[in-house]
Amino acid sequence: MRLGVLDVGSNTVHLLVVDAHHGAHPWPAHSEKVVLRLAEQIGPDGALTEAGADGLVRAVDAARASATRLGSDDLLAFATSAVRDATNAAEVLARVREATGVRLEVLSGADEARMTFLAVRRWFGWSAGRLLALDIGGGSLEIAAGIDEDPDVAVSLPLGAGRLTRERLRIDPDGAEPPPAGAVAELREYVDGLLDPVVEKMAEVGWERPVATSKTFRTLARLAGAAPSGAGLWARRSLTRDGLRQVLGFVRHIPPRHLSELEGVSVGRAHQLLAGAVVAEAVLRRLDVPALDICPWALREGVILRQLDRFTER
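Residue numbering for the sequence shown is 1 to 314, as defined by UniProt numbering.
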């Protein structure tokens with residue numbers, strides 16, 4: 001079966017086409033993405049702007065055309081926090097469906113955490129024992145832990161790198177000066193405050209193997225010395241808390257417009273790197289995680305795996 005998965009995230013609209021069947025590794029056949037930064041196109045009233053909605057319609061329509069051209073048997077389309085949190089989400093979803101024929105399913109934060117956890121579990125297998133899965137997106141932070149394929153705890157917090165960059169640090173992507181130390185300190189305090197109840201809940205569950213997914217964690221791991229993407233999907237990658245602290249220590253002093261010059265840092269997300277590093281450091285510190293593994297599978301793969309399970313159940 002050839003499946004198309006369309007992920008409308010806070011930063012990008014990403015189409016992944018895979019060849020897969022139940023019990024087998026989903027092999028990517030095609031990947032394309034458009035950087036929309038929807039999280040940064042939310043107006044003062046909390047609604048997605050007209051320009052943001054226009055861009056979303058164009059991106060979804062182009063992805064639908066690509067999936068059809070490539071012979072996809074099905075297109076699984078979902079949206080995460082940027083659309084989920086928009087006050088005009090219903091109108092935007094209706095417009096996308098009318099213009100493109102694509103029905104976008106809006107995932108809850110808890111569902112994001114569960115789907116990501118499933119992908120991590122399938123990647124590492126049962127020998128990993130109790131898993132802790134962390135994912136920093138553009139709009140939210142997902143944390144899940146458990147022993148089975150469905151986590152015992154799955155939570156989502158509004159601590160995405162894009163959201164915090166926009167709302168807390170107010171960074172200009174082309175800025176020539178790094179944000180003031182006071183702003184970074186206030187952000188750390190804010191993140192710690194939102195993590196307080198989650199730390200207690202996660203301590204009750206426990207874990208044996210901490211794992212992280214997402215572009216943010218992969219970039220931070222690369223800056224801390226992990227293998228580059230060119231080393232391939234199977235290269236083992238990890239991130240230590242000490243290494244993360246060193247990365248945070250130097251990126252906080254680099255002007256936003258120069259962050260993309262660092263190896264492994266994409267131009268579209270460079271200005272969000274500092275906020276992502278602050279969140280990552282806070283999570284590892286508060287959960288007392290000295291080191292974690294980086295998983296190449298995340299939400300999109302979790303959606304694929306869940307869909308394949310449903311086909312089999314039929």
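Treat each hint with caution, since some may be false.
To be verified - The following label-pair restraints were derived from C-beta to C-beta distances:
| # | residue 1 | residue 2 | range |
| --- | --- | --- | --- |
| 1 | Ser229 | Asp74 | 25 to 31 Å |
| 2 | Gly264 | Asp172 | 21 to 27 Å |
| 3 | His22 | Arg188 | 18 to 24 Å |
| 4 | Glu91 | Ala227 | 16 to 22 Å |
| 5 | Arg209 | Gly264 | 22 to 28 Å |
| 6 | Pro158 | Glu261 | 25 to 31 Å |
| 7 | Val267 | Ser127 | 19 to 25 Å |
| 8 | Ala128 | Glu105 | 25 to 31 Å |
| 9 | Pro44 | Gly101 | 43 to 49 Å |
Source of the hints: derived by calculation from the structure; they are not laboratory data. Keep in mind the model is a prediction, meaning the values are calculated, not measured. Each residue gets a CB set at the ideal place from its N, CA and C atoms; glycine is no exception.
Q | Indices of hints not satisfied (ascending) | A | Failing hints, ascending: 3, 4, 7, 9.
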